[in-house]
Amino acid sequence: MDMIASAAIAWEGRVGLESEVAQLQRGDLDALSALLARYQNRLYRYLLRLVREPAEAEDLFQQTWVRVAEKIRQYDSKRNFEAWLFTVARNIAIDHLRRIRPESLDEPIPGMPGESPVTRLPSGERPVLDGIMDRERSGRLAQALELLPVSQREVLTLRFEEEMKLEEIADVIDAPLSTVKTRLRRGLDRLRNTLETNYPGEVWQ
Amino acid sequence: MSDHEKVRELLALSAADALTRAEEEQVMNHIRTCADCSAEVDRWRLLAAGMRRLPTPQPRPVIVERARARAAIRLAEEAEHRWHRIVMLGVILFAWAMTLISWPVVKLVSGGILGMLDPGLNHAWIAFAIFTTIVWISGGAAAVFLSLQQRRERSLA
Chain A
1 MDMIASAAIA WEGRVGLESE VAQLQRGDLD ALSALLARYQ NRLYRYLLRL VREPAEAEDL
61 FQQTWVRVAE KIRQYDSKRN FEAWLFTVAR NIAIDHLRRI RPESLDEPIP GMPGESPVTR
121 LPSGERPVLD GIMDRERSGR LAQALELLPV SQREVLTLRF EEEMKLEEIA DVIDAPLSTV
181 KTRLRRGLDR LRNTLETNYP GEVWQ
Chain B
206 MSDHEKVREL LALSAADALT RAEEEQVMNH IRTCADCSAE VDRWRLLAAG MRRLPTPQPR
266 PVIVERARAR AAIRLAEEAE HRWHRIVMLG VILFAWAMTL ISWPVVKLVS GGILGMLDPG
326 LNHAWIAFAI FTTIVWISGG AAAVFLSLQQ RRERSLA
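If you read the sequences in order, they're chains A and B.
Under our numbering, the first residue of the first sequence carries the number 1, and numbering increases by one thereafter.
Under our numbering, the first residue of the second sequence carries the number 206, and numbering increases by one thereafter.
For reference, chain A alone in the conformation it holds in the complex (with noise of 0.2 Å):
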């Protein structure tokens, strides 16, 4: 029963979501805020993984918006939205660590960073010592993310927190399934090994 109710949510969100992009390519302003309200986190936080610095993520943010508004009669409604959306995104926030900062397309930064402005917002309602105990571990590893390669810290963030297919990770980032695996697995083998080093004996959940 709550798979039929669960599949009947994901198949109204899909039809809202269609209608919506829909009616963008036709210029309606309702269509963007309604689009803009449901992606507005997921898209920012994407954005805020690839280059760290909420300012920076601010700017590329509105700067995906307007290519969306750019590009979206050019937008094949054949295609995952999502994976279109973030692949604006990415493109934009390429071009701009190719700009600012090229190096870090290549290398992880050295060393842990200091208080890192993921790790400043709330966790859900659980008991207080929980929930303080939480966010320093969510902090942590927020941080140690922070230390991976551009290119598996996005897969891994696209994985994990946008929880998308390997198949639509490999549509945005314009990659073979392959790839996407190794970043994967990469990713957490330097994720884990960067916790374990720093805080030995902590449970990562």
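Treat each hint with caution, since some may be false.
[As the list claims (entries may be wrong)] Here's a subset of chain A near chain B, in silico, CB distances under 10 Å, partners left out:
{"#": "1", "residue": "L36"}
{"#": "2", "residue": "R99"}
{"#": "3", "residue": "G139"}
{"#": "4", "residue": "L141"}
{"#": "5", "residue": "E163"}
{"#": "6", "residue": "L188"}
Because the hints were derived from the structure by calculation, they are not lab data.
Ideal placement from N, C-alpha and C gives every residue a C-beta, glycine not left out.
Following the hints, complete the assembly by docking chain B onto the known chain A.
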């Protein structure tokens, strides 16, 4: 490479739900009998769960509003460009139609009905060609001027 080592390589991807069905079965069959790999896959699963539970950073409302405003302006500009292209195409087609239609009219006025049947060039044709060229150049210059003016107004806004 032994079966144990092969499965070991797959454990991280298993926690990420990134294996094929056959690979996943291979992992499951192995960890039933290998306590070491079973503990290892649990560690990967904890890490994967931690990744899934990372807090979602949110953009500031002012940034979202700014993005909406900028995108709305871009949408309007795109619609305007499309309309301009359609109008320009229409005007060009109309101008060519008028040019082609006016040629027999000019011949009729300058040479009468017989003049229309004369395929040769005459003075009226030269005047007509000069007139048409001036009109087209003036039209082009006006279009460029209007476009530059509009661009300047947009940049000031």
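Quick rundown of the hints versus the structure:
1. At a threshold of 10 Å, the smallest CB-CB gap from L36 of chain A to chain B is about 6 Å, leaving the interface hint in force.
2. The interface hint given for R99 of chain A is violated, since its Cβ lies 20 Å from the closest Cβ of chain B, which is over the 10 Å cut-off.
3. With a cut of 10 Å, the hint placing G139 of chain A at the interface with chain B holds, because the nearest CB-to-CB distance is about 9 Å.
4. Against a cut-off of 10 Å between C-beta atoms, the interface hint on L141 of chain A holds, since the closest Cβ of chain B lies about 5 Å away.
5. For E163 of chain A, the shortest C-beta to C-beta distance to chain B is roughly 8 Å, which falls under 10 Å, so the interface hint holds.
6. With its C-beta approaching chain B no nearer than about 4 Å, L188 of chain A sits inside the 10 Å limit, and its interface hint holds.
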